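Residue numbers (my numbering), protein chains in the order written: chain A, 1 to 229; chain B, 1 to 80; chain C, 1 to 153.
Mixed in with the good hints, there may be bad ones.
As the list claims (entries may be wrong) - Below, computed lysine to aspartate or glutamate pairings styled on EDC-like, alpha-carbon distance capped at 20 Å:
hint, chain 1, residue 1, chain 2, residue 2
1, A, LYS179, A, ASP91
2, A, LYS179, A, ASP62
3, B, LYS23, C, GLU119
4, C, LYS117, C, GLU129
5, B, LYS23, C, GLU129
6, A, LYS179, A, GLU43
To be clear, the hints were calculated from the coordinates, so they are not data collected in a lab.
In this text, all values refer to a predicted model and were calculated from it rather than measured experimentally.
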Amino acid sequence: MRRFTAALFLLGLGMMIAAIYQHMDFSNTAVNAGQAINAVAAEETGAANFVTSVVLAYRGIDTLLELTILFTAAMIGGMVLGRRRVDAPRDPDAGFILRTGADLLFPLLLVVGMYIILHGHLTPGGGFQGGVILAVAFFVPLLARPGITLIDQRVVSLVEGLAGATFIIIGLLAMLDGKEFLTPLLDKGEFGALISAGTLPILYLAVGIKVGSELAGLLAHLAEAEALD
Amino acid sequence: MEVVVLVVVIVMLLSAVAVLLFKDFLAALAAMSVVSLGLSFLFVVVRAPDVAMTEAAIGAGLSSLLFALALRRLGLWRGQ
Amino acid sequence: MDILDSNMILYSAAVGLMLIGIGGIVISNHLIRIIFGIALLEAGANLLLLLSTYHEGASAPIIVDGNVPAMMADPVPQALVLTAIVIGVGILALALSLAIRVQSAYGTLDMREVRLKLEQEISDEAGIEMPSSSHAPAVITAGSAAAQQEGGS
């Protein structure tokens with residue numbers, strides 16, 4: 001009976017969504033802010049990747065709020081999971097292939113992560129993607145050798161707090177000049193070079209380090225919880 | 001080109017149904033990774049490379065890791 | 001309606017993912033499958049949001065090697081979907097942590113049993129019997145009925 005009513009509900013929902021979208025064409029939206037941004041973004045911010053300029057310059061407060069949401073989720077996740085008993089048996093080390101592979105992968109993942117973060121204003125990429133790769137880079141050695149403590153929880157919290165504070169301080173520095181919060185500062189430089197687009201690479205670096213350290217801490221916390229088997 | 005998109009969409013939808021139908025949670029996790037992969041391909045077709053890279057890194061990497069660690073903690077790792 | 005029209009294929013993929021996700025949440029009994037359903041629903045919603053900017057023949061909003069393409073896709077929904085995907089993984093982490101707590105508190109992850117135990121606990125705290133049907137009035141046990149009479153009169 002429950003499955004039958006669920007199927008009816010889904011059918012009705014599907015028909016309602018189809019009816020709404022009959023009257024809306026794709027790519028014919030009512031708000032033309034995107035086309036206006038495409039026309040002026042190259043001169044105004046100096047970044048070749050327009051999505052980066054939207055995320056950091058035109059809608060910077062959205063990014064700040066999203067960092068807040070991530071921080072809250074990681075904090076509550078850490079509070080909800082208990083601590084491990086000190087004398088609980090640890091898992092044995094993984095086999096030879098996984099240990100060697102993890103040792104080789106760790107520096108490569110670090111380099112790829114930092115490359116993606118630093119080139120966020122030139123090619124597709126940026127702080128969030130590179131931050132996730134950094135978090136995975138710090139977690140892979142923990143998979144191979146479950147007993148080691150590669151990252152101290154206090155150091156992770158300190159790095160995360162400093163990176164978040166850097167983002168906000170750079171935003172506040174713009175207010176000292178009389179402009180609004182999070183206006184990009186510094187000289188725009190040459191279009192397409194690595195050091196260009198003012199404070200945008202620095203902001204993305206702060207975002208990347210914050211996201212990376214947060215997710216690495218959360219994964220480490222989840223991994224050291226006791227297995228129930 | 002439309003045929004490739006059609007094939008990827010059909011594989012993705014079948015995997016999404018399989019996520020809900022598999023009894024073994026490890027197999028459901030693998031099907032979830034297939035859905036993320038197909039979605040990442042579709043994001044490239046819609047001309048959004050930034051979003052495709054984010055979905056590939058997060059959906060196939062971090063989300064699967066989170067699920068695997070939680071399943072191990074809950075004791076559902078060995079399958080039924 | 002041409003089946004091989006690219007817009008229609010992508011649009012039905014997004015709506016199909018959303019409906020499968022909602023179906024998973026409504027029908028499933030196990031908490032982990034409900035969380036899988038939430039993840040599928042989020043994926044479908046992100047794809048639906050990105051479809052609003054897709055033209056045939058548009059190119060990605062990036063300038064490479066100095067040549068500016070004629071028509072570029074809209075960068076604002078892409079920035080929003082970027083944020084939404086990262087928030088989705090944060091919500092997933094939180095949901096899994098809460099599922100671990102539910103198991104250590106109630107001993108099981110089957111939602112029917114968890115609901116029964118929850119009703120039992122609430123009824124024990126309030127001093128009423130468990131409701132047998134949703135239309136039956138609550139039966140007050142003897143101890144609290146005497147206390148109410150003394151308080152009223």
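- Message: So if I understand the rule, the pair passes when the alpha-carbon distance is 20 Å or less; does B:LYS23 with C:GLU119 pass?
- Response: This hinted pair is violated, its Cα atoms lying about 28 Å apart.
- Message: For C:LYS117 and C:GLU129, compute the direct alpha-carbon distance and say whether it is at most 20 Å.
- Response: holds, 13 Å
- Hinted pair A:LYS179 and A:GLU43, Cα distance within 20 Å: Satisfied, since the Cα-Cα distance of roughly 18 Å is no more than 20 Å.
- Task: Decide if the proposed pair is consistent with the structure: B:LYS23 and C:GLU129, CA atoms, cutoff 20 Å inclusive.
- Result: violated, 36 Å
- Message: Against the 20 Å threshold, does the CA-CA distance of A:LYS179 and A:ASP62 hold or violate the hint?
- Response: Measuring from Cα to Cα gives roughly 18 Å; hence the hint holds.
- Message: Please verify whether A:LYS179 and A:ASP91 have alpha carbons no more than 20 Å apart.
- Response: violated, 55 Å
In terms of the numbered hints stated before, the structure departs from hints 1, 3 and 5, listed from lowest to highest.
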